[in-house]
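Visitor: Model the full assembly from the supplied sequences, consistent with the hints where possible.
Listed here are the chains, written in short residue letters.
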Amino acid sequence: MPGKVRLQQPKKSLIGPPLLIGIAVAYLALVLFIPAIAVFYEAFHKGFQEFLTSISQPDFLNAVRMTLIATAVAVPLNTVFGLCAAWVLARNRFPGRALMISILDLPFAISPVVVGLMLVMLYGRNGWLGPLFSQWGIKIIFDTPGIVLATVVVTLPFVAREVMPVLEDTGPSEEEAAKTLGAKDWQIFWRVTLPNIQWGLLYGVLLTNARAMGEFGAVTVVSGNIAGKTQTLPIFVEEAYKNYQTAAAFGAASILALLAVVTLVLKELLERRTAKRGIGH
Amino acid sequence: MDSTLERSFTGTSLPKTSKPSASWFHKVSIPWFITVFYLTVMLLLPITALLTKSISVGPAEFWRIATSPVALSAYDVTFTTSLVAGLINGVMGTLVAWVLVRYPFPGRKLVDAAVDLPFALPTAVAGLVLATVYSDKGWIGQFFAPFGIKIAFTRLGVLVAMIFISLPFVVRTLQPVLQEMEREIEEAAWSLGANQRQTFIRVLLPPLIPPILTGVALGFSRAVGEYGSVILVSSSIPFKDLIAPVLVFQRLEAYDYGGATVIGTVLLLISLLMLLVINALQQWGRRYAG
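Here the protein sequences come in this chain order: A and B.
Here my numbering is used: position 221 in the first sequence is 221, and no number is missing along the way.
Here my numbering is used: position 91 in the second sequence is 91, and no number is missing along the way.
Simulated from the structure, these hints should not be mistaken for lab results.
Glycine included, C-beta positions come from ideal geometry on N, C-alpha and C.
Treat the hints loosely; a few may be bogus.
[Stated by the list, open to error] Label pairs and their in silico Cβ distance ranges:
| hint | chain 1 | residue 1 | chain 2 | residue 2 | range |
| --- | --- | --- | --- | --- | --- |
| 1 | B | Leu44 | A | Tyr244 | 38 to 46 Å |
| 2 | B | Ile55 | A | Arg125 | 42 to 50 Å |
| 3 | A | Gln57 | B | Glu253 | 24 to 32 Å |
[Claimed, not checked] Computed far set for chain A versus chain B, every beta-carbon distance over 10 Å:
| hint | residue |
| --- | --- |
| 4 | Ile23 |
| 5 | Ala85 |
| 6 | Val120 |
| 7 | Leu122 |
| 8 | Gln135 |
| 9 | Lys229 |
Guide: Given below as structure tokens:
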């Protein structure tokens, strides 16, 4: 758009753009950039050694482990579900489809605290299924399964929501062609469907991963917050901050912030990829 | 997974020419089963558990808890602050989207990518760093402190956190609409003698209203449910800066399940209402897009 010769705009606009850019960037600096820089400054301004000590304490390492466990379960589970749900919703028209999409979107709309509360009411000691599970010796709330479950629920829609529009765009014709040529179902999925949806799928997985590692509200409610046992990284950040261990809080925070930066870079790369595909089509 | 996505015949010995209706059941069975089962177990069952628990306190008690002074004050802090944050981002987000689409400037790509930071940054980290930067001695807070304006650990802190987490919504819903908007329409307006303000208000703004409102509604909805960043940047004192999700959490920690579930249910119902509003706004926007 810029660069082309355009009809002369009314005069005043010459001072307009720099002013508007200035206001926009100043706003973003206040709300986004300065805080983002502050995370890394606070983590490293006392030197790298301080940072290393704060992230080598056992509570921190346990928190990392718990976060990785929750993510390792949530991402594959929601990927499989997301592919199924995207296929069901993109390739079929049925009564109740709109309702099903709304249900799928619920984790985006509901407060994470309420998600945690729902799980406590279902699997907690006074919940519907809690007594049943404790009979079998399984503790869900205030233990690892609860944290995993909360992570799964809050990250549930991402893959489905990212794959759905891609499936809708490509349409079933290529799959049908493969079928008439005698391809088996799994061959069709791996060789036709998957290549078509791969970037959307990766995008969904990326968002699921970022949210799973960063989820706080839902996980806090079901964690019981036992240091070294049921803390995830974000909970570790809050706990350390509350206990005036600022160095430890920012050490963990900088690692999570780095994860966010990596996520954004990958996201940007994926978006470029899909944009190119779109034009080449 | 692999064999389920495009299952047209049963995998036994049905001929390839079999009518779709004959294998319909098999075609849909596994992905359908997984989708319905998963949604039921992960979402519908927990929601039902919450609703029944909250209803079991009885209508009179439900009303008493839902409208208790501390709850009303928490709703006030939550909804008023979320609305203000949504409106601020409605204006500033529109400006940011406009600048990013219309004006090339050095670093635009970077600024554009950074708008998504609140989606990617864990909320606990956001809360931690906002509390630090906006405290009396923080990088930004120090400039407000001499005027007696405290930001961190007050309602203003809650507002800053809510602005942060709802920032990308307006920008991201508006950007594609602005990109697709044809400049010829503006040029037509100018050539017909409209000045800049008239062009903006009469020609540019109307199709932008639905996406702006959708973005505001999405941001509002997100801010209402926000917990992580607010808990760190506020003092969570009742009648001062306590938000409803934190109140739910406090009740739960005090083993007051009635209180937690009732206020949780109120929040849940408002989320559902917001989902309807957002759907309606998106439909309205689609009409403009033609």
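Visitor: Hint by hint, note whether the structure agrees.
Guide: Hints and how they fare:
About 43 Å separates the C-beta atoms of B:Leu44 and A:Tyr244, a value consistent with the hinted range of 38 to 46 Å. For B:Ile55 and A:Arg125, the Cβ-Cβ distance of about 20 Å falls outside the hinted range of 42 to 50 Å, so the restraint is violated. Remark: the range hint 24 to 32 Å for A:Gln57 to B:Glu253 is upheld by a beta-carbon distance near 26 Å. At roughly 6 Å from the closest C-beta of chain B, the C-beta of A:Ile23 falls inside 10 Å, breaking its exclusion from the interface.
With a least CB separation of 4 Å from chain B, A:Ala85 falls inside the 10 Å interface cut-off, contrary to its annotation. Non-interface status of A:Val120 relative to chain B is broken: a Cβ of that chain comes within 10 Å, the nearest being about 7 Å off. Consistency note on A:Leu122: stated as away from chain B, yet its beta-carbon is not over 10 Å from all of that chain's, at 4 Å minimum. In this structure A:Gln135 is separated from chain B by more than 10 Å, as the shortest Cβ-Cβ distance comes to about 18 Å.
Chain B leaves A:Lys229 outside its interface by the beta-carbon criterion, the shortest separation being 18 Å against a cut-off of 10 Å.
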